[in-house]
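**Q** What follows is the residue order along each chain.
There are 2 protein chains.
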Amino acid sequence: MKSTINAKDVAKLAGVSQSSVSRVYFEGAKVSKKTREKVLAAAEELGYRPNEFARSLITNRTKIIGLVMKGVQNPFYPQVLTQFTNSFKQHGYSVLFVHTNSDEIQTEDIETLLNYNVAGVVITDATMSLNVAESFKENQIPLVFFNRKLSRSNFYSVCCNNLNAGRAIAQYLIAEGLKNAVYISGNENTSTSLEREQGFSEVLEEHKISYTKYVSDYTYEGGYKTALTISGKGNLPSAFFVANDIMALGVLDALRKQEIQVPEQVKVIGFDNISMSSWPAYELTTWEQPIEKMVEETVNYLLSEIAEYTGLAESVELDGEFVKRKTT
Amino acid sequence: MKSTINAKDVAKLAGVSQSSVSRVYFEGAKVSKKTREKVLAAAEELGYRPNEFARSLITNRTKIIGLVMKGVQNPFYPQVLTQFTNSFKQHGYSVLFVHTNSDEIQTEDIETLLNYNVAGVVITDATMSLNVAESFKENQIPLVFFNRKLSRSNFYSVCCNNLNAGRAIAQYLIAEGLKNAVYISGNENTSTSLEREQGFSEVLEEHKISYTKYVSDYTYEGGYKTALTISGKGNLPSAFFVANDIMALGVLDALRKQEIQVPEQVKVIGFDNISMSSWPAYELTTWEQPIEKMVEETVNYLLSEIAEYTGLAESVELDGEFVKRKTT
DNA sequence: TTCACTTTTGCATACGTATTCATAAAAGGG
DNA sequence: CCCTTTTATGAATACGTATGCAAAAGTGAA
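Chains as they are written, first to last, in the numbering used here: chain A, 1 to 328; chain B, 1 to 328.
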C-alpha cells in the first residue's frame with residue numbers, strides 16, 4: 001500500500017490549487033513568491049516528488065537520454081560512459097543504458113528507446129540499419145553517432161579526426177625512417193578503423209612506402225593473436241599502427257613473448273590513449289582522442305536539438321593529439 | 001508535429017475498443033485469438049507502440065531498474081554492467097544508469113531513481129546513508145547492494161565470500177612459507193576490503209604471522225604509489241595481498257620498476273580476476289569473483305521482490321575461486 | 001479612490017493507458 | 001434447443017500532471 005502523495009495533496013495542505021503546485025515545479029511557469037514558499041513547505045513536509053511519468057505523458061517529453069554502447073570492455077568506453085552520464089546529469093537528464101552485443105543494434109533495443117520516448121540518443125560504437133535510424137527522424141528524436149559514422153546516411157556524428165590522425169602518425173613514422181608498415185584494423189566495417197587506415201595509407205603512398213593490413217577485432221586477444229601470426233611469419237615490418245590501444249597492448253605482449261624488442265626492432269603505435277597505455281609495463285605511443293570535447297560537442301548538439309528540432313546532420317571531427325611514449 | 005498514434009487509433013482501424021487493444025499488450029489479460037490478430041495487424045500497419053509512461057502512470061510500476069555504479073574505470077565493473085544489462089534485458093527490464101562520483105550516493109541521484117519510480121535498484125560499489133536507504137523501503141522498492149554491504153543496515157546484499165577468500169589466500173601463502181605480509185586495502189570503509197582483510201588477518205594471527213596494512217584507493221595509481229612507498233622503505237614483506245586486481249597491477253609495475261623480482265623476492269596476490277590479470281605482462285595470481293552467479297542471484301532476488309514485495313534482507317555470499325598464476 | 005493594465009490563480013480538460021463493471025457472446029450440459 | 005456458466009468485449013473512469021482560459025488579485029498612475 002504505497003501512499004504516493006501527489007500534487008493534489010500538496011495543494012490541499014498548502015491551501016492552493018493543484019495547478020499552482022504544478023507551476024512551482026515546472027520551469028518557466030510563473031508563480032508568486034508567496035505561493036511558491038507555501039507549496040515548497042507543504043511538499044517538504046509530505047515528501048512530495050513530481051511524478052515523471054505523468055509529466056512525460058502530458059508534455060510528450062522526457063528527461064532521458066538513450067546511450068547505446070557495445071564495447072564496454074574496451075577501457076576507452078567506460079571513460080566515455082562516465083563523462084556522458086555526468087554531463088547529462090548536470091543538465092538534468094538521466095541515462096538509459098543500452099548494451100548491444102552485436103555490431104548492429106537490434107530492433108528490440110530501438111523499441112526500448114522509442115517506448116521510453118527518449119529525448120535524445122547517443123550511439124557510441126555500434127551501427128544501425130538505415131531504415132531503423134530513420135524511425136528516429138520520423139519521431140524527431142535527435143541522434144548522434146559518437147566515434148562512428150554511418151555511411152551513406154544523414155546523421156550527426158562526432159568523431160576524432162581520424163583521417164588527420166592517420167596521416168600524422170604516418171608522417172611521424174616516416175620521419176623516423178619507416179621502411180614498411182603493418183596496419184592492424186579493428187572490425188573492418190567501422191568508420192574509425194577505415195578512416196585511420198585511409199589517412200595512414202595516403203601518406204604512405206605519397207612516400208612509396210608499402211604496408212600490409214591485418215584485420216582484427218578491437219580486443220586485446222585479437223591484437224595478441226594477430227601479432228603472433230605476423231611475427232610467426234618472420235618478416236617484421238618496421239612499425240605497427242594498431243587501430244586502438246587495447247589491441248596495441250596485445251601486440252606489445254605478443255612481441256615481448258617472441259622476444260622482439262620494441263621500439264628497437266619494431267615500433268608500435270596505438271590509438272585512444274586509454275589509461276593503461278601510460279602504465280610502465282607498456283608506455284605505448286598513441287593518439288589521444290579529445291573525449292571531453294567530443295562529449296561536450298555531442299551534449300550541446302543534443303540539447304539544442306531537444307530545445308528545437310532541426311534534424312541538422314553534420315560530421316564533426318575534433319583534433320586529437322599525438323602522445324609519444326616508449327614504443328616508438 | 002509528431003503524430004503519435006495511440007491505442008485508440010489502432011482500435012478504430014481494427015474495429016475493436018481501446019480496451020481490447022490494451023489487453024492485447026498487457027501480459028496476462030484475456031483476449032480472443034481473433035481480436036488479437038486484428039489488433040496486431042492494425043498495430044503493425046500503423047506502427048503502434050504502447051506508451052510506457054501512460055502504462056506506468058496507471059500501473060504504478062515500471063520496467064526500469066536503477067543501476068548505481070561508481071568505479072566504472074575499474075575493469076571489474078564494465079563486466080558487471082554488461083551482465084546486468086543483458087540479464088535485465090532478457091527479463092524485459094531496461095537499465096537507468098546512475099554514475100556517482102563520491103562513495104556515498106548523492107541525494108539527487110536517489111531522487112532520480114525515485115522520480116522514475118524504478119522497479120528495483122542495484123548499487124554496485126557505493127554506499128548510502130541509512131535514512132536515505134530507508135526511503136526505498138518506504139516506497140517498497142527492492143534494493144540490492146552488490147559487492148558491498150551496508151553495515152548496521154537491513155538490506156539484501158550479494159557479495160563474494162570475502163572472508164573465506166581472505167582466509168584461503170592466507171592459507172595458501174602460509175603453505176608457501178609466508179614470513180610476513182602487507183595488505184593493501186581499498187577505500188577503508190568498504191565492506192569488501194574490510195572483510196578480505198579480516199579473513200586474511202584471522203588466519204595469519206592463528207599462525208602468529210604479522211602483517212602491515214596500507215590504505216589505498218582501488219586504483220592502479222594508488223597501488224603503484226603505495227608499493228613504491230613500501231619498497232622505498234627497504235624492508236619488503238614476503239607477500240602482498242592487494243584488495244583488488246587493478247591496484248595489484250600497479251603494485252607489480254612499481255616492483256618491476258624497482259627491479260624487485262616477483263615472485264622470487266615477493267609474492268603478489270590480487271582480487272577480482274579482471275581480464276588484464278591474465279595478460280602475459282602480469283600473470284597475476286588472484287581470486288576470481290563469481291560474477292555470473294552474483295548477477296544471477298541479484299536479478300532473481302529483484303524479480304521476485306518486484307513480483308511480491310517482502311523486504312527480505314539477507315547477505316548472500318558466493319564462493320569465488322583461487323586463480324594461481326605467476327606472481328606467487 | 002478609480003480605472004486600466006499586469007500578474008497570479010483556479011477550474012476544467014487532456015495526455016494514453018489499465019481496469020472495473022455491466023453486458024454480450026460463446027461454451028457447455030442435459 | 002434451452003438454460004447455466006464461462007469468457008470476451010466495450011463504456012466509463014482513474015492515474016498525476018501541464019496548460020488554455022477566465023476570473024481574481026495586484027499594481028500603479030491619475
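Keep in mind the hints are simulated off the structure, nothing from the lab. Glycine included, every Cβ here is placed at the ideal spot set by N, Cα and C. Treat the hints loosely; a few may be bogus.
[Unchecked claim] Only part of the chain B face toward chain A is listed, based on derived beta-carbon distances under 8 Å:
| id | residue |
| --- | --- |
| 1 | Gly28 |
| 2 | Gln73 |
| 3 | Pro78 |
| 4 | Thr85 |
| 5 | Val95 |
| 6 | Asp217 |
| 7 | Tyr220 |
| 8 | Glu283 |
**Q** Would you mind marking each hint as holding or not holding in the structure?
**A** For each hint, the structure was consulted:
1. Gly28: 19 Å, violated
2. Gln73: Holds - the Cβ of Gln73/B comes within 8 Å of chain A, reaching about 6 Å at its closest.
3. Pro78: 4 Å, holds
4. Thr85: 4 Å, holds
5. Val95: 5 Å, holds
6. Asp217: 14 Å, violated
7. Tyr220: Holds. Min distance 7 Å.
8. Glu283: Since chain A brings no Cβ nearer than about 10 Å to Glu283/B, farther than 8 Å, the hint is violated.
Violated hints, listed in ascending order, are 1, 6, 8; each of the other numbered hints is respected by the structure.
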